[in-house]
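Asks: Protein chains in written order, with this note's numbering: chain A, 1 to 338; chain B, 1 to 259; chain C, 1 to 250.
Bear in mind the hints are in silico, worked out from the structure with no lab data behind them.
Wrong hints could be hidden among the right ones.
The list that follows gives simulated cross-link-like pairs (lysine-lysine, DSS-like), each with its CA atoms no further than 30 Å apart [claimed, not checked]:
(1) 222/B to 200/C
(2) 33/B to 18/C
(3) 45/C to 222/B
(4) 246/C to 193/C
(5) 244/C to 198/C
(6) 73/C to 138/B
(7) 11/A to 5/B
(8) 45/C to 18/C
(9) 6/A to 138/B
(10) 5/B to 6/A
(11) 13/A to 5/B
(12) 198/C to 18/C
(13) 101/A to 90/A
(14) 200/C to 186/C
(15) 200/C to 73/C
(16) 186/C to 250/C
(17) 198/C to 73/C
(18) 5/B to 222/B
(19) 39/B to 13/A
(20) 45/C to 193/C
(21) 39/B to 6/A
(22) 167/C to 33/B
(23) 39/B to 198/C
(24) 222/B to 11/A
(25) 13/A to 56/A
(26) 138/B to 13/A
(27) 198/C to 246/C
(28) 250/C to 6/A
(29) 138/B to 250/C
(30) 222/B to 18/C
(31) 200/C to 138/B
(32) 45/C to 244/C
(33) 198/C to 155/C
(34) 39/B to 200/C
(35) 174/B to 90/A
(36) 244/C to 186/C
(37) 73/C to 18/C
(38) 72/A to 90/A
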Amino acid sequence: MKALDKTTAQKIKLAIFVIAGLSLFILGVYLIGNQQSMFGSNARIFATFNNINGLKIGNNVRYGGLNVGTVKGIRMVNDSTIVVDLTIKKDALGYIRKNAKAALGTDGLVGNMIINIVPGSEEIGLLNAEDTIHSYRRITTEDMLSTLNVTNENAAMLTADLLKITRAINSGEGTISYLLKDSTMALNLEQSIRYFRQTAASTSKMISHMDDLIVSLNNKNNVIGLLRDSVTANQLKSVVSNLETTGNDMNKLVANLNATVTRAKEGDGAINYLSNDKSLVKKIDTSVNSLDATLHNLNEASIKLNENLEALKHNILFRGYFKKLEKEKEKQLEKEIK
Amino acid sequence: MGTQKTINSLQVFLTEVGDISYFAGRFFTDVFKRPFEFKEFLRQCYNMGNRSLLLVGVTGFIIGLVFTLQSRPTLQEFGAVAWMPSMVGISIIREIGPIITALICAGRIGSGIGAELGSMRVTEQIDAMEVSGTNPFKYLVITRILATTFMLPILVIIGDAIALYGSYLVENIKGDVSFQLYFSEVFSSLEFGDVIPSTIKSFFFGFAIGLVGCYKGYNCDKGTEGVGLAANSAVVYTSLLLFVIDFVAVLVADLFYEL
Amino acid sequence: MKKNTINSNAVITIRDLKKSYGDNYVLNGFNLDLYEGENLVIMGKSGSGKSVMIKCLIGLEEHDSGTVIIMGKNIDDLDHDELDELRTEIGFLFQGSALYDSMSVRENLEFPLRRHTKKFGEINDASPLVMEALESVGLARAVDLMPSELSGGMKRRIALARTLILKPQIILYDEPTTGLDPITSKEIVLLMKSVQEKYKTSSIIITHDVDCARAISNRMILLVDGINYAEGTYEELVEMEDPKIKAFFK
Ligand SMILES: Nc1ncnc2c1ncn2[C@@H]1O[C@H](COP(=O)(O)OP(=O)(O)OP(=O)(O)O)[C@@H](O)[C@H]1O
Ligand SMILES: [Mg+2]
């Protein structure tokens, strides 16, 4: 009897062991499957892309940063369109609008590809199963950095130009007197200068922002964390785009200034109007001074930015990227030589 | 002289491989023949499964702990500590869990089988079984090989779970990562492509442990050294075979992944 | 010549049995007849091939040539199942007892019953059979012990009980008294005798022990150089002048 009890006890323990193992396995499979939207009620939608940038089956789909599904299939439909099948949780589908866009992104700096569904406008109806959404071009870290570089170069150039012009305005009395001959010109100039001052102020603010960012970028320990953090990434993106618009504005301004100066050279009778308005003359004077200071700042900031970018180049993580750039340049040079 | 020696050792090696293959073949022809020794199978499952649990659990726990502690500084340097769960999860599920558990079991179960069957052979217990009408191959060998084959995957799963828990503890203490966050990170980085091959691999590991242990014990030389040698060579051959299987498994899994 | 005739009374007949391991020619044409109800003692030096002979007899080792006929059946002609069935009629007491270490005494005794169900039919409760066999060797109290808890003499008796449980017609004893003290040896010999009387078995007893041989044998065979060198009753053999035979009885 005793022996029988022993084997029964063993059998029970064995059963517990096996059940524990199997339930762990099933739990694991369930959790993984859950992540891949394999269980639960799902719906299928499609997204079209020109370039899927190495997206793979099983990659996650996010809506507003929330995992809502996975990539189920990828197929080419013609020479420039790739259709991606997405399985989306049914309850998430109730919030996605028909004009939502799909955008490719990476999970962190070197993470897996993900599809971000960007919310559409509210007045449009909700997406149904089997519907197709269109895509944005993916903004990659690389894109961001290269835009940053170009913008920076532009800013430097712009600053140099502006400096030249203001110096000319400041020193060339002849020019000023020409300028002051034309009254409409003077009005124009007043407006331009206000505009310029505004822009310069915002640029200087921007540049200081940029500076902060670049400094934190340079902090080696932080670089991945920072870029992983989508908030910072967004910030960086917006800064870059702002900088771009500012650059555009400046360009416009310089064109304006140029035109003004040329017109001033041609000389009309603005001098009368202007000499009567003492405050305006004063205004122009202070404006030009502050403009000069701002431009000086801008110049310095650009140099700093350049330095920072240089430092970034040496940062271990980005080294590969910059090397690639250099190599490409070299290749192009070689091609040209040939 | 030298070539003669290598030829001889090559011959020994090939005979050994041939013998083991023959032994495996005998397993496959006999495993489906009645009678099936179910009671003995359960007893062996208990011996190999439950009795290895503590060892596998402790090892898994320490591996999870140590692995996390060791990789932490490096990840920290890159500011990528947040990736710890994914990294630990993938490496434990795909590779470390199965191979460490299998090696532990090769040491514990493989040598145990080798020594037990070896001493049964030496003290004529196997002969006694034969004359009392029980096919010792079915009773001793098939039950043990089946038991290792089925128990190892379960041990691997439990070992994986404990290793992940150990890793979680480190993350929780050092990085203040919650249980839920840790495991949701682990599972979000895992795919079926990680779990299925390593589970299949574990079955093969179990089979190899049982097969080599039984082969060595069953064909043990007479004498007490024979038993020691059987136990010892069971562990050595099994460990070697485990790595070969692991290698092949990785190749095959890769192939499937590409398809 | 008696040597080459097959006696109809014989339960076991061995003719011209040869067995070698590589260059080691262990048996070179061994002959043997075991008659019903008789105790046949086989003596030989250590390493002369007694155990090999008895294993060839029961089919644990394959012989190179010769014939082995057990109860009218040539073992070479039997398939595995028929051989198993034949083995239910033969008890084998191994030289080292060969109890299953991992099983209790009860499980050891139940083990042969598992497959030899043809002889007994389906056994629901083996307990009475186990106890009967244990009582016949006087060790009923050891039923729940493990082999490691037994002394050498007890192991021998349990092993005997394990062979008795199938109620065999033939029992093969491989050195039943070796390694035991004289008193225990004597007990074992008495036990063997009582078993033979109780179950009416025919036995082959391999031994070095002259006292044991004298006490139990009806007939003896001396195995020397791989053949049955001499045959006869104990008294006949003791009288022989051959130095090789004399060496056994010093
Ligand atoms: N499996 C085997 N492989 C190789 N040689 C063997 C094998 N079994 C027995 N032998 C050899 O056969 C010979 C006879 O062995 P066996 O065990 O029959 O001796 P024995 O007469 O029973 O001696 P003992 O009285 O010591 O038991 C020995 O020389 C032994 O080396
Ligand atoms: Mg012997």
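Asks: Just to be careful, I want the Cα atoms of residue 222/B and residue 11/A compared with a cutoff of 30 Å; is the pair within it?
Replies: violated (35 Å)
Asks: Hint check: residue 45/C vs residue 18/C, CA-CA at most 30 Å. Holds or violated?
Replies: holds (18 Å)
Asks: Taking 30 Å as the top limit, are the C-alpha atoms of residue 13/A and residue 5/B close enough?
Replies: violated (52 Å)
Asks: Does residue 200/C lie within 30 Å of residue 222/B when you go C-alpha to C-alpha?
Replies: violated (35 Å)
Asks: Quickly compare the C-alpha distance for residue 45/C and residue 244/C to 30 Å and report which way the hint goes.
Replies: holds (10 Å)
Asks: Between the alpha carbons of residue 246/C and residue 193/C, is the straight-line distance 30 Å or under?
Replies: Within the cut-off at roughly 26 Å; holds.
Asks: Need the status of pair residue 72/A, residue 90/A: alpha-carbon distance at most 30 Å?
Replies: With Cα atoms ~15 Å apart, residue 72/A and residue 90/A stay inside 30 Å; holds.
Asks: Would the pair residue 198/C and residue 73/C pass a check requiring their Cα atoms to be no farther apart than 30 Å?
Replies: holds (26 Å)
Asks: Taking 30 Å as the top limit, are the C-alpha atoms of residue 200/C and residue 186/C close enough?
Replies: Cα-Cα ~20 Å, so holds.
Asks: Between residue 167/C and residue 33/B, is the straight-line Cα distance small enough, at 30 Å or below?
Replies: Since the Cα atoms of residue 167/C and residue 33/B sit roughly 29 Å apart, the hinted pair holds (cutoff 30 Å).
Asks: Does residue 222/B lie within 30 Å of residue 5/B when you go C-alpha to C-alpha?
Replies: holds (26 Å)
Asks: Verify the proposed pairing of residue 11/A with residue 5/B, using a straight-line Cα cut of 30 Å.
Replies: violated (51 Å)
Hint check: violations occur at hints 1, 2, 5, 7, 10, 11, 12, 23, 24, 25, 27, 28, 29, 31, 34 and 35; the rest are consistent with the structure.
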